[in-house]
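Mind docking chain L on chain W? Use the hints.
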Amino acid sequence: MQKTISWTTAAFVLFTATTAAAQDAAGRNLAASCAICHGTDGRIATKDSPLIPLAGLPRDHIATQMRAFRDGKRPATAMHQIAKGYTDPQIDAIAAWFAAQKR
Amino acid sequence: MKRRDFLKIAGALSLAGCAGTVPSKARVVIVGGGFGGATAAKYIRKWAPAVDVVLVERESAFVSCPISNLVLAGYSSMPEISQDYDGLRRHGVQVVRDEAIAVDAAKKTVRLARGGDIAYERLIVSPGIDFSFAEIEGYEAAMQAGRVLHAWKAGEQTVALRRQLEDLRDGGVVVLSIPLAPYRCPPGPYERASMIAAYLKQAKPRSKLLVLDANPDVTSKGALFKKAWADLYKGTLEYRGNAKAVAIDARSMTVKLEVEDVRGDVLNVVPPQRAGNIAQSAGLITHNNRWCDVDWRSMESRKVPGVHVLGDATLSAPLMPKSASMANNHAKIAAAAIIEQLSGRAPQSDTQILNTCYSFVSQKEAIRVSSVHRWDAKDGTLKPVAGAGGVSAARSEAEGTFAWNWARTIWADTLA
Numbered sequence: 001m002q003k004t005i006s007w008t009t010a011a012f013v014l015f016t017a018t019t020a021a022a023q024d025a026a027g028r029n030l031a032a033s034c035a036i037c038h039g040t041d042g043r044i045a046t047k048d049s050p051l052i053p054l055a056g057l058p059r060d061h062i063a064t065q066m067r068a069f070r071d072g073k074r075p076a077t078a079m080h081q082i083a084k085g086y087t088d089p090q091i092d093a094i095a096a097w098f099a100a101q102k103r
Numbered sequence: 001m002k003r004r005d006f007l008k009i010a011g012a013l014s015l016a017g018c019a020g021t022v023p024s025k026a027r028v029v030i031v032g033g034g035f036g037g038a039t040a041a042k043y044i045r046k047w048a049p050a051v052d053v054v055l056v057e058r059e060s061a062f063v064s065c066p067i068s069n070l071v072l073a074g075y076s077s078m079p080e081i082s083q084d085y086d087g088l089r090r091h092g093v094q095v096v097r098d099e100a101i102a103v104d105a106a107k108k109t110v111r112l113a114r115g116g117d118i119a120y121e122r123l124i125v126s127p128g129i130d131f132s133f134a135e136i137e138g139y140e141a142a143m144q145a146g147r148v149l150h151a152w153k154a155g156e157q158t159v160a161l162r163r164q165l166e167d168l169r170d171g172g173v174v175v176l177s178i179p180l181a182p183y184r185c186p187p188g189p190y191e192r193a194s195m196i197a198a199y200l201k202q203a204k205p206r207s208k209l210l211v212l213d214a215n216p217d218v219t220s221k222g223a224l225f226k227k228a229w230a231d232l233y234k235g236t237l238e239y240r241g242n243a244k245a246v247a248i249d250a251r252s253m254t255v256k257l258e259v260e261d262v263r264g265d266v267l268n269v270v271p272p273q274r275a276g277n278i279a280q281s282a283g284l285i286t287h288n289n290r291w292c293d294v295d296w297r298s299m300e301s302r303k304v305p306g307v308h309v310l311g312d313a314t315l316s317a318p319l320m321p322k323s324a325s326m327a328n329n330h331a332k333i334a335a336a337a338i339i340e341q342l343s344g345r346a347p348q349s350d351t352q353i354l355n356t357c358y359s360f361v362s363q364k365e366a367i368r369v370s371s372v373h374r375w376d377a378k379d380g381t382l383k384p385v386a387g388a389g390g391v392s393a394a395r396s397e398a399e400g401t402f403a404w405n406w407a408r409t410i411w412a413d414t415l416a
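Chains W and L supply the protein sequences, listed in that same order.
With the first letter of the first sequence counted as 1, position 19 gets the number 19 in the numbering used here; the numbers rise by one all the way through.
With the first letter of the second sequence counted as 1, position 338 gets the number 338 in the numbering used here; the numbers rise by one all the way through.
Extracted from the complex, chain W is given alone in its bound form (with noise of 0.2 Å):
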């Protein structure tokens, strides 16, 4: 009994790291697009940019920003635009990932 139960526990470790590391993947992989304007992983790379840098920013807050700007609750030139094609899921995950970058 107890070695059916300590493998069961194996199994979900393995499956919830599995599956950690696939979400992880999931946020780079859809941040990765936002590099364009708001730079590799969040840093901005520029003198004199108009944006704030992501990296490090609060989890909540980035989350927050982006269902704001969605539902056009903070005004933008383009955010307006571009969150409205993201999901909750989305968002959380995008905000998660640029949240543990190194500012």
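Because the hints were derived from the structure by calculation, they are not lab data.
Glycine included, C-beta positions come from ideal geometry on N, C-alpha and C.
Among these hints, one or two may not hold up.
[What the hints assert, rightly or not] Examples of chain L residues lying across from chain W (beta carbon under 10 Å, computed):
{"hint": "1", "residue": "H287"}
{"hint": "2", "residue": "N329"}
{"hint": "3", "residue": "I333"}
{"hint": "4", "residue": "G389"}
{"hint": "5", "residue": "G390"}
Only chain L this time, still in chain W's reference frame:
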């Protein structure tokens, strides 16, 4: 040991990896160091440092097509739009200055013009465009005589066109001819028209720009471009749709359309385009003798297994422009997929990328178009997400600031 032998042995060693992790010597060869190829090189090294990346590029420097129209007006310069490949070398990319001339997909080798054969595990071909000069009678002879320029690959011809505009007498006529879509950078010709008109208005106010478009109407951001032209360049810029160039007479400096001839002092005729030459010799072309169809979840060729095609050379997905932003994002799809494939896993299938293209309409004002493209399993392609994307509310200096931010940021994301 000869270099080619060394590369062959290194390639053979790379077969010894096991599923699950990237084999320690897996090599990805990338042909072409533009927005697609350079981004792929950087991101593969960044996301999987164990992978050996060789970038084959025939030029010593990258010259950006985006912003090159501003060079024509004197608002930017060649040094500003040019960069070397040292940034990629710092990521551990082996940059080889050579030209790929053939691919043996069965043996998994690329033949270089000077360097022999290189073996690969996965190959990325990001060749940009080449021109179908033969579709415009007399084009090549006129180009060799210096009587017509395309300047649709930034570089020598950008400099030459700028010089011709500077040498133009006040009261002269510039002809800009646009090919039928699809071509590289849908809004590019209209940005160019705006930049040439801005220069003429300021430096040679009695001169005129005639825009001859093979398409029935402006193909991208039409309302915004036309408003800018009406507000800013009335009397300088004249636009004609359904005006396809079929021949050029260099002696009389005439562009022949289907129904009339148009004479100019400067002829900037952008020819019809197709995937870059190596796509042809590698057998990657699938449609209209021009473009390469790919699986958008991995950018792998639908014709040649193990070979990924990026950027302008691809058969575009619905409403997807041939743009620098797209090439850069194609590269990230390919990088992620190749790392999975080298590890013995299938690529992820929830692909989604976004496009943003800015165009300047005056020295400081720009307009923008954005779209989001998501994998559609039913139709097996990337499709624009309904309700997302759009264009600028109006031209503005704010969009101009964002346009410069985009340019400098994508250059860094691609090359640094």
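Status of each hint after checking the structure:
1. H287: violated, 26 Å
2. N329: holds, 5 Å
3. I333: Because about 8 Å separates L:I333 from the closest Cβ in chain W, which is inside the 10 Å limit, the hint holds.
4. G389: holds, 5 Å
5. G390: holds, 4 Å
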